[in-house]
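Protein chains: 2
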Amino acid sequence: MNEIANKIKVIAFDIFGTVVDWHGSVSREVEAMDLGVDAGAFALAWRAGYKPAMQQVMASGEWVILDHLHRRILDGVVADFGLDSISEAERQHLNLVWHRLDPWPDSVAGLSRLKAGFIICSLSNGNLGLLTEMAKNAGLPWDCILCAENFNKYKPHPDTYLGVVRTFALQPGQVMLAAAHHGDLEHARNCGLETAYIERPHEYGREQPKNVAPWSANTLHTTSILDLAEQMGC
Amino acid sequence: MNEIANKIKVIAFDIFGTVVDWHGSVSREVEAMDLGVDAGAFALAWRAGYKPAMQQVMASGEWVILDHLHRRILDGVVADFGLDSISEAERQHLNLVWHRLDPWPDSVAGLSRLKAGFIICSLSNGNLGLLTEMAKNAGLPWDCILCAENFNKYKPHPDTYLGVVRTFALQPGQVMLAAAHHGDLEHARNCGLETAYIERPHEYGREQPKNVAPWSANTLHTTSILDLAEQMGC
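Protein chains in written order, with the numbering used here: chain A, 113 to 346; chain B, 113 to 346.
Just chain A, with the same shape it has in the complex:
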């Protein structure tokens, strides 16, 4: 086994965009509702409310889970798209699309291989209920689901990255964060974790390819979770 694989005990995964395809999944459900809107634009608008909503929670000091933030944002997006006629029951159902996100094609196979060599867990801003139902729907074989709700802090607060370290009574260098977002990885690195970037060029849809160029500060640069398994000797 290589040196990095030898010292890592836990690999924590960012979820939205890294393990599951939120843009494709949300777009498909909105498209199927036949609302006469650009489903891809609807998905992007919904997701765009995510960071400001979490920042507001962190500033307020009062904890709100992501399911509830998703619903607040949804109501705004529905109004912006002129869809006020969508019923309460439809909104409740649509809001849970985040529990039903499809994994990227390599996710289940890659995680299953990594599980043989490491503890694999989530480290997501999604809530426990959301992530549990997502894992069950998508077949994600987590050893443990960890998230913002465990630590009452949203990423990128250090308590989230260091929360994984403390949960398993490890040193920061024994934990690796795997994510499709260089910013998330940078915050983890500042806490002493190792980092693996995962290319997800179509996170925002095929029409809006993302720059997936490597950052040299990351421990590993990978093209998929299967590639990460390969590089970690699994």
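Worth flagging that the hints you see were computed from the coordinates, not collected in a lab.
Don't take every hint at face value.
Because identical chains share one entry, a pair is satisfied inside a single copy or across any pair of copies.
Claimed, not checked - Here are the computed lysine-lysine pairs in the DSSO-like style, where the Cα-Cα straight-line distance is at most 27 angstroms: (1) 119 to 227; (2) 121 to 248; (3) 163 to 322; (4) 248 to 119; (5) 227 to 248; (6) 163 to 265; (7) 163 to 248.
Position chain B against the provided structure of chain A, taking the given hints into account.
Only chain B this time, still in chain A's reference frame:
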């Protein structure tokens, strides 16, 4: 599907004694250390410190995870058994025996069947790291690991039972606690949960059979997790 199976969405399991055999597992490891003590009595003494230690934490208001309580109790038991020569490294290793507890013979098969019909999770006073490593070692197929550490309260505090309910945004009657302890089930029932008793007559060893007589207040009385799966139509 029968009426009870139809309304239940989540089955939460007590762990120590219910899913895993703490007495047998601890006894076997102590026996293998060849310390010249009664390994079964050692296991019982260690476990006897469990409830008072948790009650002390709850009274103090300052959170301490079970790994640390186990270690405090262990040091006392080691002294009581005249084993002060046990090294620090041996104590650290022995303390993690709780991460390595063996499941009862029906646990993995029963949980696997139940997982097809319900969300299955732990609800234990063990900490997240302990329960994750136990699940990995024993092959327990949880959808989600929940425990005292999620709610900063030890069972039987209502926040633990209701914490499962809230995690999945359910009504109390949609959650069932499965446990080998009538007291645990009674507290869950007082919070509105459904309850399933699981007979574990040898929880304290074959020499000290436990009274596993039914209590009529429980929703179900079962002889094993496989029997629970059967009764729940899985």
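So, going through the hints one by one against the coordinates:
In this assembly of identical chains, residue 119 and residue 227 lie within 27 angstroms of each other by CA distance solely inside one copy; the values are 15 angstroms within and 33 angstroms between copies. Taking the closest pair of Cα atoms, residue 121 and residue 248 come within 27 angstroms of each other both inside a single copy (24 angstroms) and across two copies (13 angstroms). When the C-alpha separation of residue 163 and residue 322 is checked against a cutoff of 27 angstroms, the pair qualifies only within one copy, where the shortest distance is 18 angstroms, while the shortest distance between copies is 54 angstroms. Taking CA atoms no more than 27 angstroms apart as the test, residue 248 paired with residue 119 passes between copies only; the shortest distance there is 19 angstroms, against 30 angstroms inside one copy.
With identical chains, the CA atoms of residue 227 and residue 248 are at most 27 angstroms apart both within one copy (16 angstroms) and between copies (9 angstroms). Taking the shortest Cα distances, residue 163 and residue 265 sit within 27 angstroms of each other inside one copy (13 angstroms), while across copies they are farther apart (31 angstroms). Proximity of residue 163 and residue 248 under a CA criterion of 27 angstroms is satisfied intra-copy only: 26 angstroms inside one chain copy versus 34 angstroms between copies.
Of the numbered hints stated above, none is contradicted by the structure.
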